[in-house]
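Following the hints, put chain B in place on chain A, whose structure we already have.
Line by line, the protein sequences are chains A and B. The first sequence begins at 4 in the numbering used here and counts up one residue at a time. The second sequence begins at 4 in the numbering used here and counts up one residue at a time.
Hints are computed from structural coordinates only; laboratory data are not their basis. Do not rely on the hints blindly, as some may be mistaken.
Distance windows between CB atoms, simulated [claimed, not checked]:
no.: 1; chain 1: B; residue 1: 8; chain 2: A; residue 2: 181; range: 41 to 49 Å
no.: 2; chain 1: B; residue 1: 170; chain 2: A; residue 2: 58; range: 52 to 60 Å
no.: 3; chain 1: B; residue 1: 54; chain 2: A; residue 2: 171; range: 45 to 53 Å
no.: 4; chain 1: A; residue 1: 120; chain 2: B; residue 2: 195; range: 45 to 53 Å
no.: 5; chain 1: A; residue 1: 71; chain 2: B; residue 2: 83; range: 35 to 43 Å
no.: 6; chain 1: B; residue 1: 54; chain 2: A; residue 2: 111; range: 22 to 30 Å
no.: 7; chain 1: A; residue 1: 58; chain 2: B; residue 2: 35; range: 22 to 30 Å
no.: 8; chain 1: B; residue 1: 52; chain 2: A; residue 2: 71; range: 16 to 24 Å
If you only want the chain B side, here are some residues facing chain A, beta carbon under 8 Å, derived [claimed, not checked]:
no.: 9; residue: 34
no.: 10; residue: 123
no.: 11; residue: 204
no.: 12; residue: 258
We put the CB at the ideal spot given by N, CA and C, even for glycine.
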Amino acid sequence: METEKNARPEMKRREFLGKITRTASLGIIAGASAVLVARSAGARTLWQIDPEKCAHCTNCSTQCVLAESAVKCMHRFDTCGYCKPCFGYFDLSGSADGTGAENQTCPNGALRRRFIEDPYYEYSVDDGLCVGCGKCVKGCRDFGNGSLMLQVSQDLCQHCNVCSIAVSCPADAFVRVTPDNPYPALKGMK
Amino acid sequence: MRNGRKTILLSLLVITAAFAFRTELAGIERFPPPDFESGYVPPETAYPPGRSPWLDVADVAALLAALTLAAYLAIFRRSRRGIVLLALFSTVYFGFFKKGCVCPVGAIGNVSLALAGTGYTIPLAVILSFALPIVFTLFFGRVFCAAVCPLGAVQELVLVRPIVVPRWIDAGLRVIPFFYLGLAVLFAALSDPTSPNFIVCKYDPFVSIFRLAGLPQIVVLTAVFLMASLLIGRPYCRFLCPYGALLSIFARASKRHPSVTPTDCVKCRLCETACPVNAIEKPNAEDEE
Numbered sequence: 004m005e006t007e008k009n010a011r012p013e014m015k016r017r018e019f020l021g022k023i024t025r026t027a028s029l030g031i032i033a034g035a036s037a038v039l040v041a042r043s044a045g046a047r048t049l050w051q052i053d054p055e056k057c058a059h060c061t062n063c064s065t066q067c068v069l070a071e072s073a074v075k076c077m078h079r080f081d082t083c084g085y086c087k088p089c090f091g092y093f094d095l096s097g098s099a100d101g102t103g104a105e106n107q108t109c110p111n112g113a114l115r116r117r118f119i120e121d122p123y124y125e126y127s128v129d130d131g132l133c134v135g136c137g138k139c140v141k142g143c144r145d146f147g148n149g150s151l152m153l154q155v156s157q158d159l160c161q162h163c164n165v166c167s168i169a170v171s172c173p174a175d176a177f178v179r180v181t182p183d184n185p186y187p188a189l190k191g192m193k
Numbered sequence: 004m005r006n007g008r009k010t011i012l013l014s015l016l017v018i019t020a021a022f023a024f025r026t027e028l029a030g031i032e033r034f035p036p037p038d039f040e041s042g043y044v045p046p047e048t049a050y051p052p053g054r055s056p057w058l059d060v061a062d063v064a065a066l067l068a069a070l071t072l073a074a075y076l077a078i079f080r081r082s083r084r085g086i087v088l089l090a091l092f093s094t095v096y097f098g099f100f101k102k103g104c105v106c107p108v109g110a111i112g113n114v115s116l117a118l119a120g121t122g123y124t125i126p127l128a129v130i131l132s133f134a135l136p137i138v139f140t141l142f143f144g145r146v147f148c149a150a151v152c153p154l155g156a157v158q159e160l161v162l163v164r165p166i167v168v169p170r171w172i173d174a175g176l177r178v179i180p181f182f183y184l185g186l187a188v189l190f191a192a193l194s195d196p197t198s199p200n201f202i203v204c205k206y207d208p209f210v211s212i213f214r215l216a217g218l219p220q221i222v223v224l225t226a227v228f229l230m231a232s233l234l235i236g237r238p239y240c241r242f243l244c245p246y247g248a249l250l251s252i253f254a255r256a257s258k259r260h261p262s263v264t265p266t267d268c269v270k271c272r273l274c275e276t277a278c279p280v281n282a283i284e285k286p287n288a289e290d291e292e
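Isolated chain A, as found in the complex (with noise of 0.2 Å):
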């Protein structure tokens, strides 16, 4: 067995330069993992847009890699003034009148009118329709309550490392939040 050793020096040799490799590098692993751990390991974060900084710009409607964005107009009750002139739901620049189509901010009618007493109405999103355009965003942030606001859906979502629309958002709008509160605008937190 010696002699087997002594004749085949060189691959004893790459062996020992192997061994050395590899735990050299587990240990620069093991190291950067342990510092990355202990200085920044969080949880999961997911896309969600701040509606205090967007722009109603209709990107969010264009620039998801999906062919349906998952950005979603999204409607907080609790903060709707439930007017019946809503600016979110009626395109006020028109010069006709009435409840029609041709009124409407949304392209696809996929805001509701329903009447709940005098004069109040409430609105709801139709989430198979919306495209997530921030017509009617535009509308109620301007002129209403800011009841109305493009959020990303969370299921529809695919987490992309890099969001298509993120990079292209004029306003820069696009945060991460954690799972456990993947909607804080829609519960009144920043």
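What follows is chain B alone, placed relative to chain A:
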């Protein structure tokens, strides 16, 4: 005392301003919420729930299982059919089901940014996604690339007839992944933590297959790589993948790796041209006894 009164006045001013500012932050209420007489109760805003944290555990467990199986199939069973089947599974699970995200290749950016110390928080699942394939590479070679990585699995499955890339072209192109790795680390580490610049993810050619959607320029890139993969073995893995560059460094020191059994080999040298990634070298002069 004068100072005391000034402090109190200043504090009151600050508190009032803070309240006024706070109302502004909490949302503009131009129209106060109505008092309903008909007994209508505003409904709770319904919203889809966030991602369960247990899914992260499942992701890492799946990665670990796939890596173990790949190592077993490649090193101990030496089963080509097994590898192809596992590649199919990886395409379906890590690719189409998880949409290819978060993957160890993209995790280069996350880890670089986290190590840069700018306050970016990195989930443990992403650290493990990055580290586990490296650990397996140290012991078994690039088994992650073999059948676990969805990008590699797609290339593996569409390869029809590999052509041999001439050695000099191969040698030149093999340098590119290291440059890409350096660029990926730099771009990620120097970017703003709130909107990180992960170029590996942004220009990933295969993720548009898994999402079945993408920006026009990325779809073109996907088509180019897919067509190349029909005839060239693993073009992305060999000539572009930054994680592959990283693994290739560690793989040189791997404890076990696919090898030719010297006692059975008759030096016919057919394996050199058959290998789709040109990984088999000419026999050494020493071996020819």
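Going through the hints against the structure:
For the pair residue 8/B and residue 181/A, the supplied restraint of 41 to 49 Å holds, since their beta-carbon distance comes to about 44 Å. At about 55 Å, the beta-carbon gap between residue 170/B and residue 58/A stays in the expected band of 52 to 60 Å. Separation of residue 54/B from residue 171/A is about 23 Å and departs from the stated range, judged on CB atoms against 45 to 53 Å. The supplied range of 45 to 53 Å is met by residue 120/A and residue 195/B, whose beta-carbon atoms lie about 49 Å from each other.
Between residue 71/A and residue 83/B the beta carbon distance is about 40 Å. The supplied range of 35 to 43 Å therefore holds. Restraint check, residue 54/B to residue 111/A: a C-beta distance of roughly 27 Å satisfies the suggested window 22 to 30 Å. Evaluation of the 22 to 30 Å hint for residue 58/A and residue 35/B yields a pass: the beta carbon distance comes to about 27 Å. Taken as a hint, the range 16 to 24 Å holds for the pair residue 52/B and residue 71/A, whose Cβ atoms sit roughly 19 Å apart.
Restraint check, residue 34/B versus chain A: the minimum CB separation of about 3 Å is within 8 Å; hint holds. Residue-level restraint check for residue 123/B holds (minimum Cβ-Cβ distance to chain A is 7 Å; threshold 8 Å). Interface hint status for residue 204/B: upheld, as the beta-carbon distance to the closest one in chain A is roughly 4 Å, under 8 Å. A cut of 8 Å between beta carbons decides the hint on residue 258/B: the least distance to chain A is about 6 Å, and the hint holds.
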